[in-house]
Amino acid sequence: MERELISKKELLDSMGISYGQLYRWKRKQLIPEEWFIRKSTFTGQETFFPKDLILTRIDKILNMKDDLSLDQVAGRLSPSLPDYDARKSDLMKRNIVTSVTMQRFAGEDPDQTVYPFEKILFFYVVDKLLQAGDMSMEEGDRLMETMRDHFPKFEGKPCELIFIRKMGVSSFALVSVPSEWHFDGGVRIVARLSMTECIEQLKGILG
Amino acid sequence: MTEIRPDMHINGVSSTPGGHYRSASIDGVIKVEGALQVDGLARMNGVVTVKGDLKAHELEGDGKFKVQGRLSAGTARINGLADVAGSVDGEHMILKGMLSVKGDCAVERFEAEGGFEVGGLLNAGTVDIRLYGRGKAREIGGESIRVRKMARSAWKKIWEWMFPKWNPEMEVDVIEGDDVDLENTIARVVRGNRVVLGPGCRIGRVEYGSELVRHPGAKANEEVKTGA
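Those protein sequence lines, which keep their order, are chains A and B.
Using my numbering, you'd call the opening residue of the first sequence number 1 and step up by one each time.
Using my numbering, you'd call the opening residue of the second sequence number 1001 and step up by one each time.
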């Protein structure tokens, strides 16, 4: 799957932002270093960005910037996990994770159990795929296991979750970003989720 | 709970391990054998080498000093020669002399009087350069970018000694900013909203948004107005 790229100039034109803004956001680490891709063109070296990622990111910055300072925006956008925990009953009450998912994946934990952010994130991701109807409960178990075993290894670096299926056999992978993958013909990519994005969404919901 | 850190005082010709200090005052020919972190002011005087990352709230480097890792300082005042093998970040960099950085340099204000060499991107809100020697960077990006050639000064003799046969000239691949005002600059591409090309500029391609002012002594092969 080749990522679509957008040149710096196209980006500035289409979003109506200036060079100064872009460089300021880069300094504040609102835009990750690895999104700045240097490529040779016929006029020399130019900078490109992964199109879907950068467009949603800039949209987000422009929206948040009115209410929050740039440093606060940076905190909200950073891929590192916040020091945040929540009670199981709160997660269900606020409908952050549906009770069906909680029942299935944390049925034995008492209602007052306090989960760290990372655990809430796992529930959230599983819940998302279940609700989208892409994944069965049994596959959810394996996803839970995959994230628990491998997600901490990324140590806050951006990663993506890939969910593929071939002839009914499903498989999960966590890969670092940016990366390219090419599968054989029989493979269908059921879901591709940016964990960083999920962390941001969840941070937004939890407030 | 905050731990009270010790102060570091060292002078003469010696070496010292790194560590985490409240303040540091280093005079003489000193090697710091590792990373050094200072919560307050770090003063370095003489010939100082830090064999790791240097992190300080405030940094004053006089003489010749070298960081083999990355340099991170809220305010950095460098008088003399500084050499950083990693990257530089911070709020305010005030340079009088010569700075050489292998990686990127990202600060809010970059004020340089003298010469510099940045291997990667020089990224600052305000870039204010007064050239006595040669300036070099792969790329410069920011809000306001200004380069001036300084010819005469009371310090001229010193600068001539420091930068023997260098022309006060800046060489960059790409310069991008909102407000770009250049003198004595050689660049492949200059992009900005408002661009002023002063004497001694030799530019491959200029892209400007609202305004381009070109001095008769400036050369640009291509001028393109972009945007609405």
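One should not assume that every hint holds.
[Said to hold, decoys possible] Derived DSSO-like pairs (lysine-lysine); straight-line CA-CA distance at most 30 Å:
# : chain 1 : residue 1 : chain 2 : residue 2
1 : B       : Lys1225   : A       : Lys9
2 : B       : Lys1149   : A       : Lys26
3 : A       : Lys28     : B       : Lys1096
4 : A       : Lys9      : A       : Lys51
5 : B       : Lys1219   : A       : Lys28
6 : B       : Lys1136   : A       : Lys39
[What the hints assert, rightly or not] A partial selection of chain B residues facing chain A, derived with a Cβ cut-off under 10 Å:
#  : residue
7  : Val1013
8  : Pro1017
9  : Glu1108
10 : Ala1124
11 : Glu1176
12 : Gly1177
13 : Arg1188
14 : Gly1192
15 : Val1196
No lab work stands behind these hints: they were computed from the structure.
Backbone N, C-alpha and C define an ideal beta-carbon position, used for all residues, glycine too.
Sort out which numbered hints this structure fails and list those numbers smallest first. Violated hints: 5, 7, 8, 15; rest satisfied.
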